Amino acid sequence: DTEVTQTPKHLVMGMTNKKSLKCEQHMGHRAMYWYKQKAKKPPELMFVYSYEKLSINESVPSRFSPECPNSSLLNLHLHALQPEDSALYLCASSQDVGRLGTGELFFGEGSRLTVL
Amino acid sequence: DAKTTQPPSMDCAEGRAANLPCNHSTISGNEYVYWYRQIHSQGPQYIIHGLKNNETNEMASLIITEDRKSSTLILPHATLRDTAVYYCIVREGGNYQLIWGAGTKLIIKP
Chain A
1 DTEVTQTPKH LVMGMTNKKS LKCEQHMGHR AMYWYKQKAK KPPELMFVYS YEKLSINESV
61 PSRFSPECPN SSLLNLHLHA LQPEDSALYL CASSQDVGRL GTGELFFGEG SRLTVL
Chain B
1 DAKTTQPPSM DCAEGRAANL PCNHSTISGN EYVYWYRQIH SQGPQYIIHG LKNNETNEMA
61 SLIITEDRKS STLILPHATL RDTAVYYCIV REGGNYQLIW GAGTKLIIKP
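Those protein sequence lines, which keep their order, are chains A and B. For reference, each letter of the first sequence is one residue, going 1 to 116 in my numbering. For reference, each letter of the second sequence is one residue, going 1 to 110 in my numbering.
There's no promise every hint is true.
[Said to hold, decoys possible] Subject to a maximum C-alpha distance of 25 angstroms in a straight line, what follows is the list of computed DMTMM-like cross-link-like pairs (lysine to aspartate or glutamate):
1) B:K3 x A:E58
2) B:K3 x A:E44
3) A:K9 x B:D82
4) B:K52 x A:E58
Simulated from the structure, these hints should not be mistaken for lab results. If you're wondering where the values come from, they're calculated on a predicted model, not measured in any experiment.
Please model the entire structure based on the sequences and the hints provided.
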């Protein structure tokens with residue numbers, strides 16, 4: 001199984017809603033990532049989890065709250081978002097964040113978020 | 001800031017080799033060159049990576065110049081399904097950080 005599964009594929013929410021994006025992998029990877037991608041731009045790193053601990057937060061606003069319940073799951077909790085937060089949110093995993101493995105990231109297909 | 005420069009778009013005829021260039025003139029000695037591609041509405045997909053030597057796998061070949069300031073990704077027999085945005089990326093050894101370029105939109109024409 002070399003897949004990263006993201007749900008939902010599409011999400012529309014109002015600025016006062018609370019919602020969550022979910023990501024799952026069963027490759028035994030110990031690093032998981034959230035990226036944000038705006039149209040016609042490369043992905044931007046948001047968070048990195050290494051061995052279930054948050055290791056990197058790229059100055060992401062607190063209205064985005066990541067959670068790693070276990071080594072296979074990664075959530076992104078969303079609250080009080082703004083319309084400019086509308087984007088494709090990509091989850092990825094890798095064997096490790098550092099020297100182990102090839103450094104290859106496996107990406108999910110993304111969750112397309114629209115904030116009204 | 002991006003450490004790579006790529007042409008914004010390229011065309012290639014189906015069945016021909018697609019050669020995608022990338023400049024990374026400020027690359028450091030411990031930084032790898034990675035290539036990913038993103039087909040429309042999908043997540044990025046790893047293609048290949050290298051440090052100094054040329055590399056080949058079932059998808060592509062990566063040619064890195066001796067001074068490591070540029071590289072070329074070669075898709076030997078392009079098909080319509082290879083139409084995608086191709087990202088040339090620099091990654092520091094021992095580090096999670098991928099520094100993405102703007103990408104090249106490759107269009108394969110029948």
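Here is how each hint holds up against the structure:
At roughly 18 angstroms between alpha-carbon atoms, K3 of chain B and E58 of chain A fall within 25 angstroms of each other, so this suggested pair holds. For the hint linking K3 of chain B to E44 of chain A, the alpha-carbon distance of about 14 angstroms falls within 25 angstroms, and the restraint holds. A threshold of 25 angstroms between alpha carbons decides the hint, and for K9 of chain A with D82 of chain B the separation of about 23 angstroms falls inside it, so the pair holds. Taken as a hint, the K52 of chain B and E58 of chain A pair is broken in the structure, with Cα atoms around 30 angstroms apart against an allowance of 25 angstroms.
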